[in-house]
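Those sequence lines, one after another, are chains A and B. First residue of the first sequence? That's 352 in the working numbering, and the numbers climb one at a time after it. First residue of the second sequence? That's 352 in the working numbering, and the numbers climb one at a time after it.
FYI, nobody ran anything at the bench for these hints, they're computed from the structure. For glycine and all other residues, C-beta sits at the position ideal for the given N, C-alpha and C. A couple of the hints might just be wrong.
[Unchecked claim] One-sided excerpt, in silico: chain B residues whose CB lies under 7 Å from chain A:
{"id": "1", "residue": "380"}
{"id": "2", "residue": "384"}
{"id": "3", "residue": "467"}
{"id": "4", "residue": "479"}
[As the list claims (entries may be wrong)] Quick list of in silico lysine to aspartate or glutamate cross-link-like pairs, EDC-like style, CA-CA up to 16 Å:
{"id": "5", "chain 1": "B", "residue 1": "544", "chain 2": "B", "residue 2": "504"}
{"id": "6", "chain 1": "A", "residue 1": "407", "chain 2": "B", "residue 2": "382"}
{"id": "7", "chain 1": "A", "residue 1": "456", "chain 2": "A", "residue 2": "377"}
{"id": "8", "chain 1": "A", "residue 1": "456", "chain 2": "B", "residue 2": "465"}
{"id": "9", "chain 1": "B", "residue 1": "456", "chain 2": "B", "residue 2": "521"}
{"id": "10", "chain 1": "A", "residue 1": "544", "chain 2": "A", "residue 2": "465"}
{"id": "11", "chain 1": "B", "residue 1": "407", "chain 2": "A", "residue 2": "382"}
{"id": "12", "chain 1": "A", "residue 1": "456", "chain 2": "A", "residue 2": "536"}
{"id": "13", "chain 1": "A", "residue 1": "456", "chain 2": "A", "residue 2": "379"}
{"id": "14", "chain 1": "A", "residue 1": "544", "chain 2": "B", "residue 2": "379"}
{"id": "15", "chain 1": "B", "residue 1": "456", "chain 2": "B", "residue 2": "379"}
{"id": "16", "chain 1": "B", "residue 1": "456", "chain 2": "A", "residue 2": "465"}
{"id": "17", "chain 1": "B", "residue 1": "407", "chain 2": "B", "residue 2": "382"}
{"id": "18", "chain 1": "B", "residue 1": "456", "chain 2": "B", "residue 2": "377"}
Protein chains: 2
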Amino acid sequence: MPTKEQNYHHGALRSALLEAALATVERDGVEALSFRQLARIANVSPGAPYHHFRDKNELLAMLARRGFEALETELERACSAGSDPVNCIHQLVEAYLRFARSSPKLYALLFIPEVTRPESLDVVEPQAMACLRRLQAALAVMDPVAEPPVLRERALTLWGLLHGLVSLLDIGPLTRSLSSVVDTELAARSAMKLALA
Amino acid sequence: MPTKEQNYHHGALRSALLEAALATVERDGVEALSFRQLARIANVSPGAPYHHFRDKNELLAMLARRGFEALETELERACSAGSDPVNCIHQLVEAYLRFARSSPKLYALLFIPEVTRPESLDVVEPQAMACLRRLQAALAVMDPVAEPPVLRERALTLWGLLHGLVSLLDIGPLTRSLSSVVDTELAARSAMKLALA
DNA sequence: AGCGTCGTCTGAGCAATGCTTAGATTGTGT
DNA sequence: ACACAATCTAAGCATTGCTCAGACGACGCT
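Between the sequences and the hints, there should be enough to build the whole structure, so can you do that?
This is the structure in structure tokens:
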């Protein structure tokens with residue numbers, strides 16, 4: 352009767368690696384993530400992870416995919432409480448900023464070059480598109496007569512504004528000088544201007 | 352009489368390394384950049400670069416600093432042709448997108464985690480702030496009665512929108528599905544809405 | 001039950017990288 | 001002329017990503 356520890360076959364290595372990777376990224380950022388360290392955490396030899404991921408970039412792509420999944424569910428929950436449309440957008444903005452700020456290192460992972468390279472996008476882009484559709488749906492509720500193409504344009508500019516502000520002020524080059532100069536309110540107001548146009 | 356090649360002292364190693372690093376990043380992206388490779392290009396031993404940069408991150412920070420400098424001069428040139436204010440903003444947007452798209456790998460470098468970490472920001476943030484001030488100045492020309500704080504808010508949202516769109520559509524997770532769905536015109540229109548509010 | 005197959009894991013190994021150190025070389029200022 | 005400081009070399013250490021031959025074990029088939 353094996354004690355479930357130290358079996359020759361780990362049994363759930365893949366998810367164990369993903370879990371350890373997620374924790375590492377949230378704590379220390381992508382740059383601190385190494386395949387061998389993950390193997391060490393999982394009590395497994397350095398070559399074992401390669402039976403579950405082709406290379407390190409594939410692991411990162413999977414992490415990013417999960418990140419966009421989590422973002423999508425947050426956006427979904429924010430607007431499903433069907434209050435009035437304008438309040439819905441407000442809650443959407445709040446949910447996005449809350450997600451980005453609750454684990455900034457993970458949020459930053461979603462946009463690093465290793466994840467946005469073509470091979471990784473095969474895995475990541477579908478989930479990113481799902482996020483875009485979620486925004487588009489919310490805008491559709493607010494303006495039922497608008498055509499889908501313009502709704503998508505509005506969703507893109509909305510997402511662009513939100514990501515741009517987070518990228519500049521929370522995790523980007525202006526974090527030190529201007530931290531929290533732009534609060535949720537400003538972002539929400541600007542988002543409104545874009546969404547209602 | 353030495354032939355200027357293969358001197359024991361290189362003479363201009365620092366700038367040679369920066370130049371080689373810039374070329375490498377523009378061609379292959381940050382992930383392809385290595386200190387030892389730069390040393391090889393400069394015909395120098397692997398340890399030599401460490402007399403000019405504390406570590407790899409410092410080299411990256413210098414590159415990013417130069418990137419923001421280049422962006423600032425582009426923004427400056429765009430609006431100095433003093434036409435009417437609304438056209439000025441349009442040219443500003445065009446200049447920004449042109450800069451980002453002319454060397455996307457270099458643009459992406461400006462926002463990677465290695466550059467946005469606190470130590471690197473000591474070097475990078477001042478130049479990023481200079482870019483922000485440039486945008487703020489352009490908006491001031493367009494609306495002379497606006498207060499500086501609101502001008503800075505507008506500059507931030509403008510920059511956020513531009514960077515967000517570039518980050519999502521040109522170098523980010525939506526590049527494949529939506530490349531050039533949002534063209535310069537859409538970005539300019541949205542930027543207008545924000546700037547004029 | 002016995003057997004074979006296939007997916008999983010090991011362990012050794014290779015090339016490359018970031019960074020450090022001791023010492024050689026050269027230019028500079030007094 | 002001489003000491004000093006800056007620059008460069010060469011060797012080396014620890015770590016990483018990735019590969020490969022082979023050990024191990026769960027599972028299905030006869």
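Now for the hints, and whether the structure bears them out:
1. 380: holds (6 Å)
2. 384: violated (11 Å)
3. 467: Because about 5 Å separates residue 467(B) from the closest Cβ in chain A, which is inside the 7 Å limit, the hint holds.
4. 479: holds (4 Å)
5. 544(B) <-> 504(B): Between residue 544(B) and residue 504(B) the Cα gap is close to 14 Å, so the pair holds against 16 Å.
6. 407(A) <-> 382(B): Given that 16 Å is the threshold and the Cα spacing comes to 13 Å, the pair holds.
7. 456(A) <-> 377(A): holds (5 Å)
8. 456(A) <-> 465(B): holds (12 Å)
9. 456(B) <-> 521(B): holds (10 Å)
10. 544(A) <-> 465(A): violated (34 Å)
11. 407(B) <-> 382(A): holds (13 Å)
12. 456(A) <-> 536(A): Violated, at roughly 23 Å.
13. 456(A) <-> 379(A): With a Cα-Cα distance of about 7 Å, the restraint between residue 456(A) and residue 379(A) holds, given a limit of 16 Å.
14. 544(A) <-> 379(B): Violated, at about 39 Å.
15. 456(B) <-> 379(B): Holds - the C-alpha atoms of residue 379(B) and residue 456(B) are around 7 Å apart, at most 16 Å.
16. 456(B) <-> 465(A): holds (12 Å)
17. 407(B) <-> 382(B): This hinted pair holds, its Cα atoms lying about 12 Å apart.
18. 456(B) <-> 377(B): holds (5 Å)
In summary, the structure is inconsistent with hints 2, 10, 12, 14 from the numbered list given earlier, while agreeing with the others.
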